Amino acid sequence: MNETPVLQVKDLGIDFGGLTAVNKFNITVRKHQIVGLIGPNGAGKTTVFNMLTKVYDPSRGTIELNGQQINKLSTVEVNKAGIARTFQNIRLFDNLSVIDNVLIGMHNSIKYNTFEGIIRNRRFREQEKEAYQKAIDLLSIFKLQDLMDHPASSLPYGAQRRLEICRALATNPSLLLLDEPAAGMNPSETAELMNTIKDIRDHFDIAILLIEHDMKFVMGICEEITVLNYGTTLAFGAPEEIQNNPEVIKAYLGGA
Amino acid sequence: MKKSNLLNKLFDKQHKKQTVSYLIVIFAYVILEALLKTGNISSLFKNLLVPCTCYIVAALALNLCVGLSGELSLGHAGFMSIGAFTAVCLSGLLAGTLTNAVLRLVIVIIIGAAVSAFFGFLIGIPVLKLQGDYLAIVTLAFCQIIVSLINNVYFGFDEKGLQFSFIENKLNLSSSGKILIGGPIGASGTQRISTFTVGIVLIIISLIVIYNLMDSRNGRAIMAARDNRIAALSVGIDVTRTKMLAFVISAALAGAAGALYGLNFSTLTPAKFGFNQSILLLVYVVLGGLGNITGTIISASVLYVLPELLRSFESYRMIIYSLVLIGIMLISNNKFFKEKLAELKTRRFNRTHSKEAE
Amino acid sequence: MAEAVKQPLPVLVIGGSMVFLSYLITGIGLGSVYAIIALGYSMVYGIAKMLNFAHGDVIMIGAYVAFFALSRYNLPAVAAVLLAIAVCTTLGVLIERLAYKPLRQATSLSVLITAIGVSYFLQNMAQLLWSSSPKIFSSIVGNRSLTLFDGKMSIAYINILTIITCIVIMIVLTLFINNTKIGRAMRACSEDKDAAKLMGINVNKTISITFAIGSGLAAIASVLLCSTYPSVYPTLGSMPGIKAFTAAVFGGIGSIPGAFVGGLLLGIIENLSKAYISTQLSDAIVFAVLIIVLLIKPTGILGKKVNEKV
Chain A
1 MNETPVLQVK DLGIDFGGLT AVNKFNITVR KHQIVGLIGP NGAGKTTVFN MLTKVYDPSR
61 GTIELNGQQI NKLSTVEVNK AGIARTFQNI RLFDNLSVID NVLIGMHNSI KYNTFEGIIR
121 NRRFREQEKE AYQKAIDLLS IFKLQDLMDH PASSLPYGAQ RRLEICRALA TNPSLLLLDE
181 PAAGMNPSET AELMNTIKDI RDHFDIAILL IEHDMKFVMG ICEEITVLNY GTTLAFGAPE
241 EIQNNPEVIK AYLGGA
Chain B
257 MKKSNLLNKL FDKQHKKQTV SYLIVIFAYV ILEALLKTGN ISSLFKNLLV PCTCYIVAAL
317 ALNLCVGLSG ELSLGHAGFM SIGAFTAVCL SGLLAGTLTN AVLRLVIVII IGAAVSAFFG
377 FLIGIPVLKL QGDYLAIVTL AFCQIIVSLI NNVYFGFDEK GLQFSFIENK LNLSSSGKIL
437 IGGPIGASGT QRISTFTVGI VLIIISLIVI YNLMDSRNGR AIMAARDNRI AALSVGIDVT
497 RTKMLAFVIS AALAGAAGAL YGLNFSTLTP AKFGFNQSIL LLVYVVLGGL GNITGTIISA
557 SVLYVLPELL RSFESYRMII YSLVLIGIML ISNNKFFKEK LAELKTRRFN RTHSKEAE
Chain C
615 MAEAVKQPLP VLVIGGSMVF LSYLITGIGL GSVYAIIALG YSMVYGIAKM LNFAHGDVIM
675 IGAYVAFFAL SRYNLPAVAA VLLAIAVCTT LGVLIERLAY KPLRQATSLS VLITAIGVSY
735 FLQNMAQLLW SSSPKIFSSI VGNRSLTLFD GKMSIAYINI LTIITCIVIM IVLTLFINNT
795 KIGRAMRACS EDKDAAKLMG INVNKTISIT FAIGSGLAAI ASVLLCSTYP SVYPTLGSMP
855 GIKAFTAAVF GGIGSIPGAF VGGLLLGIIE NLSKAYISTQ LSDAIVFAVL IIVLLIKPTG
915 ILGKKVNEKV
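Chains as they are written, first to last, in this note's numbering: chain A, 1 to 256; chain B, 257 to 614; chain C, 615 to 924.
One chain only, chain A, in its complex shape (with noise of 0.2 angstroms):
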């Protein structure tokens, strides 16, 4: 395969004060592709996603999205350019609704201006209704379309998990990071959230990269792994290589 990936990191490294907290981290993520992100508590996972999006500006390394560096950009231009997020300690808009914060997804496609919001022209009324029908569109895949007047504080856990990823969708990626999807769902619903992500990779046409501490999960899904240990690439493959691999095994385990 000779296309450029979706998503090129070499040698990441981040240090915080002294310590550094990620170093010459790797990984190579190609279109249309499910990657997974693995490793201990403390390996530096969710540090990873926070410099791939400069929530964390990282100290060395390159971040290539589609062949372009991104390493300049600020959290919002990472987002233009086409990298979306979720957040493990979920991050949505509590007060407002749930299709609001669809639509707040969509905050950069949606082109008409302050003025023309306020005055309510043919451009906003035409641009919103289009909006909406996507934002509708797009919960139904969650089926959370029923909820969506609901302030999304006042949905269940796995609901507002759904709807987080839902609201990632709506910017229009191409590269989707999420950052343990599967926490606190109960085995069917992890099932079926399995399902959900094969579907919108497919329907949505996106790249995905997640962490996850399901190991089902992630053996059933990703078609590779990453496993990150102490800040660095500790092995990459296939599910079956990893599950084989002594080293991982040995960092799970943890022992001589």
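Hints in this document: simulated from the structure, not taken from any laboratory.
All values derive from a computational prediction rather than experimental measurement.
A portion of the hints provided could be inaccurate.
[Said to hold, decoys possible] With a cut-off of at most 30 angstroms between alpha-carbon atoms, the simulated DSS-like pairs for lysine-lysine come out as follows:
(1) LYS749(C) / LYS385(B)
(2) LYS911(C) / LYS591(B)
(3) LYS143(A) / LYS594(B)
(4) LYS819(C) / LYS385(B)
(5) LYS591(B) / LYS129(A)
(6) LYS134(A) / LYS596(B)
(7) LYS434(B) / LYS819(C)
(8) LYS594(B) / LYS911(C)
(9) LYS198(A) / LYS216(A)
(10) LYS385(B) / LYS663(C)
(11) LYS807(C) / LYS596(B)
[To be verified] Simulated restraints, written as ranges between beta carbons of each label pair:
(12) LEU742(C) / LYS591(B): 29 to 37 angstroms
(13) GLN243(A) / ILE381(B): 53 to 61 angstroms
(14) TYR252(A) / LYS663(C): 50 to 58 angstroms
(15) LYS272(B) / ASP15(A): 40 to 48 angstroms
(16) PRO748(C) / LEU600(B): 47 to 55 angstroms
(17) LYS385(B) / LYS10(A): 27 to 35 angstroms
(18) ILE486(B) / ASN66(A): 43 to 51 angstroms
(19) ALA700(C) / LYS272(B): 51 to 59 angstroms
(20) VAL358(B) / HIS203(A): 56 to 64 angstroms
(21) LYS591(B) / TYR252(A): 33 to 41 angstroms
(22) TYR157(A) / LEU300(B): 40 to 48 angstroms
(23) ASP414(B) / ARG686(C): 54 to 62 angstroms
We put the CB at the ideal spot given by N, CA and C, even for glycine.
Since the structure of chain A is already known, use the hints to place chains B and C on it.
Only chains B and C this time, still in chain A's reference frame:
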């Protein structure tokens, strides 16, 4: 349920909430106008009408900033003073050329709002990049700066043109000349051209601006930036720009309110727009409910008119206001109260849910 | 805010080249008061992560207590200061317990509005109890001055006392924070309250102690302030309070040396602009400094950048 049905249901719900506010304002206007026409209103009460509309608009402006954008401003009286003194000066200058009072009023209100918005923008540049309590303290500082600057400005005109001096009164006006701002004395001899009707129109315009803004792309971004900054950034919302938008619109509305206020009195001193006025606005907003537009209108009118009618209550008024601020914050953040509210929400959630399942 | 009594000239200006030096020293004196007040803001901000808007009004209460102790009950100066400290400390802890503690988990907006409410409440209570007309405070060291350079320059004793007090407070506080168990607990709480709790630190008690120290310092500041500007009125504390907050931000909020440096600089800037630009505009200049500092270095001179946890 069909998609179009879902949409209609959603819009109905939103519109019902907004219509109430408009109806309250129009209803109050009709009744008060009728009372005015039939002379069934005391002169004391009559004099309160225009300032009351000004305070409603200023409180709505502050609620846009505090309730909807989540940034505490303690300088909205400063924006009012900018609008007021801009309007008073301009109206004085234009009095000869533009004899139609209503037209002049409208023009100076618009310019007052624009000047105030410009200052809002200037203040916003350093502050909105920061988080936390900085906006409060800087807007407070800004308000003090504005008041002390106006306190030191002498501005007037005669047939030779405009004259301006700073700190000391060095104006050398001819006998036909007129002082527009006289330092700490402020503006005097202003032609009183503000009317109740224009005040009501200004409230309606503020309502349209705020409601329509909040229901549009930028308004949603404003609330998103308030609810969760990091998440807003992650979906591509420029939080600083968004907060600036809310702040500038809020400053413009406060400036318009100030302009109307300034032209309602023949004399106006800078001291009228001190820190206490900003606090008063904050009390209106907090009592009306952060982010609650209808509540703000009601609390601003009641809290403005009541104490003016009950003068004997004066010395206790401020103490009661401060206790209102503390009390509302303590109650609304009370664990017990919050749990009850959450329970109510879940119950409503379950009810609508079971209904839809049927 | 009207300065009811005109500022007495603490420094007699005689020599030409001495003029600047005199203004500078008066500025440092004023700055020392700001620094002491700024410490209260800074410590509370560092640990409770809140802007205690009512801090300035604690100063006002302290000033009234000292005034009544000195003028009405003719207590000696030391007793008056101790009484003011006792009252302010109690008041500070009381405010924290009643108004702020229930809001530990609330948004910063709610806490700030509450603090403004408390500030407003204290001001208006004072006005109701003691009327808004200013009372004349008699300086605890009298109006005498130290004469230098054959009478070419004189410095008011109160200025010297203020500067010395400020330096002593800085040293003692730094030692306290760095070397005592409570000081360690305070530093831990300012880093991470949850982690501190897990380590067995009583977070509520630590916050109370912080408020107590801050309010005690406010009492000392009130006596020094009123000995320099001898009038006591209900809104007395709000201006110095806001300026001291400016000083805390200027120096880097949460940092003790920052409060010291910021306070001194602000006092000097204020006094020099009073002398060379305009008395009426000196407040406007001080606040303009705040805005410029936030524009250039939002974390202040000695402040550090804090990363938000995601």
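Which hint numbers does the structure go against, in order from smallest to largest? Result: hints 1, 2, 4, 5, 6, 7, 8, 14, 15, 18, 22 break, sorted rising.
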